[in-house]
Structure formats: structure tokens, C-alpha cells
Amino acid sequence: MEIAKYLSVLVASMLKFVGGPVTGVAVGLTWPETWLFTVVGMMASVVLVTYAGTALQLLMARFRRSAPKRFSSRTRLAVKVWKRAGMMGIAFLTPLLLTPIGGTILAVSFKVSRSLIFSYMLISALFWGIVFTLAIYELPELFSRFGGNGVLRK
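Mapping of the sequence shown onto the working numbering: residues 1 to 154, in sequence order.
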């Protein structure tokens with residue numbers, strides 16, 4: 001059932017971006033299908049978190065037992081990225097280091113406009129989707145062409 005395959009890639013990339021291409025290979029989709037549903041999955045996560053971001057922050061604050069640390073290593077890193085590269089840096093690092101949910105929460109916490117979040121995250125998802133999908137689909141074949149000593153086999 002194709003819909004289940006597409007949904008599995010979509011859900012995997014909503015939670016962890018690289019999960020989309022890995023799932024796409026596992027269920028036997030073509031690389032363009034995998035790339036498309038990986039991007040759609042990340043953007044679905046971005047839209048959900050962006051519109052629910054304020055409510056999520058309030059909910060987390062309500063159930064938090066102690067005040068959050070203001071100066072942890074994570075918050076320092078987030079502020080450093082924000083000061084150096086702004087929303088563009090957050091979007092660039094979201095598929096690499098953060099999850100789509102984490103990157104969007106970070107952008108919402110810096111009070112970035114929704115349109116800016118959507119546009120930068122879409123560009124990032126399109127770019128990194130191609131990179132990760134092609135890497136996961138093509139690297140095993142590329143490595144199988146090389147012998148143990150790094151010489152190209154024919």
C-alpha cells in the first residue's frame with residue numbers, strides 16, 4: 001500500500017529529518033518520492049509547531065517543576081547561532097543538528113515571524129532533503145565500487 005509508505009516517510013521526517021530518507025530506502029520508494037515526502041514531513045512539523053508554539057510554551061511552563069536554566073550550554077549555543085546567523089542559521093542547522101520540532105521551537109522562542117520561519121525552513125528542507133536523500137540512495141553504490149584499498153573497481 002503506497003499511502004502507508006508515503007506516510008511512514010512523512011512521519012519519520014517530522015520527528016527526525018534524516019529519518020525520512022532512511023525510511024524511504026527501507027520501504028522501497030524512489031529517491032524523488034522520498035525527497036518530496038521528507039520535505040513535506042519537515043514542513044508539516046514546522047507548521048504544527050509554529051502555530052502551536054505559544055500554546056506549547058505555556059503548557060511546558062505550567063508543568064515545569066523548577067524554573068528553566070537561563071544559561072545552559074544549549075541556550076548559549078542557541079544564542080550564539082542566533083546572533084551570528086539569525087533565522088538563516090537556525091534553518092540551516094535544523095536538519096543537521098536539531099530536529100524539525102527543535103529548530104522550530106527555537107525560532108518561535110526568538111519570536112521570528114511565521115512567514116520568515118516558513119520560508120527559511122522550506123529552503124533548508126528542500127536543500128538538505130536533496131543532499132540527504134541522494135547521499136543515502138547513492139553512497140552504498142558508490143562505496144561498493146571501491147575496493148578495500150580505495151581503488152575504483154570496474
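Be aware that a few hints might be false.
[To be verified] Simulated restraints on C-beta separations:
hint: 1; residue 1: Ala26; residue 2: Phe71; range: 40 to 48 Å
hint: 2; residue 1: Pro140; residue 2: Leu56; range: 33 to 41 Å
hint: 3; residue 1: Ala4; residue 2: Arg74; range: 31 to 39 Å
hint: 4; residue 1: Leu96; residue 2: Thr30; range: 36 to 44 Å
hint: 5; residue 1: Val11; residue 2: Leu59; range: 32 to 40 Å
hint: 6; residue 1: Thr30; residue 2: Ala67; range: 47 to 55 Å
hint: 7; residue 1: Leu77; residue 2: Gln57; range: 16 to 24 Å
hint: 8; residue 1: Leu139; residue 2: Phe63; range: 36 to 44 Å
hint: 9; residue 1: Thr54; residue 2: Val131; range: 27 to 35 Å
hint: 10; residue 1: Ile3; residue 2: Lys83; range: 42 to 50 Å
hint: 11; residue 1: Pro140; residue 2: Arg74; range: 15 to 23 Å
Since the hints were made in silico from the structure, they are not lab data.
These numbers come from a predicted model, not from an experiment.
Glycine is no exception: its CB is placed at the ideal position from the N, C-alpha and C atoms.
Exercise for review: With 47 to 55 Å as the target window, see if Thr30 and Ala67 comply at their CB atoms.
Suggested key: Cβ of Thr30 to Cβ of Ala67: about 49 Å, so the range 47 to 55 Å holds.
Point to revise | Assessment of proposed distance window 36 to 44 Å (beta carbons of Leu139, Phe63) | key: For Leu139 and Phe63 the Cβ distance comes to about 42 Å; the hint holds.
Review point. Is the gap between the beta carbons of Ala4 and Arg74 within 31 to 39 Å?
Key: 36 Å Cβ-Cβ, so the 31 to 39 Å window holds.
Practice item. Using the Cβ atoms, figure out if Ala26 sits within 40 to 48 Å of Phe71. Key: Holds, since Ala26 and Phe71 (Cβ atoms, about 41 Å apart) stay within the stated range.
Check your understanding: Could one say that the CB atoms of Leu77 and Gln57 fall in the range 16 to 24 Å?
Key -> 19 Å, holds
Check your understanding: CB of Leu96 to CB of Thr30, is that within 36 to 44 Å?
Key -> Because 24 Å falls outside the window, the suggested range is violated.
Exercise for review: Could you tell me whether the CB distance from Thr54 to Val131 stays inside 27 to 35 Å?
Suggested key: Since Thr54 and Val131 have Cβ atoms about 32 Å apart, the given range 27 to 35 Å holds.
Check your understanding: Is it true that the C-beta distance of Ile3 to Lys83 lies inside 42 to 50 Å, as the hint says?
Key -> 44 Å, holds
Review point. Between Pro140 and Arg74, does the C-beta distance stay in 15 to 23 Å?
Key: 34 Å, violated
Exercise for review: Could you see if the CB distance from Pro140 to Leu56 stays within 33 to 41 Å?
Suggested key: 38 Å, holds
Review point. Does the Cβ-Cβ separation between Val11 and Leu59 fall within 32 to 40 Å?
Key: 22 Å, violated
Violation of the numbered hints given earlier is confined to hints 4, 5 and 11; the remaining hints are satisfied by the structure.
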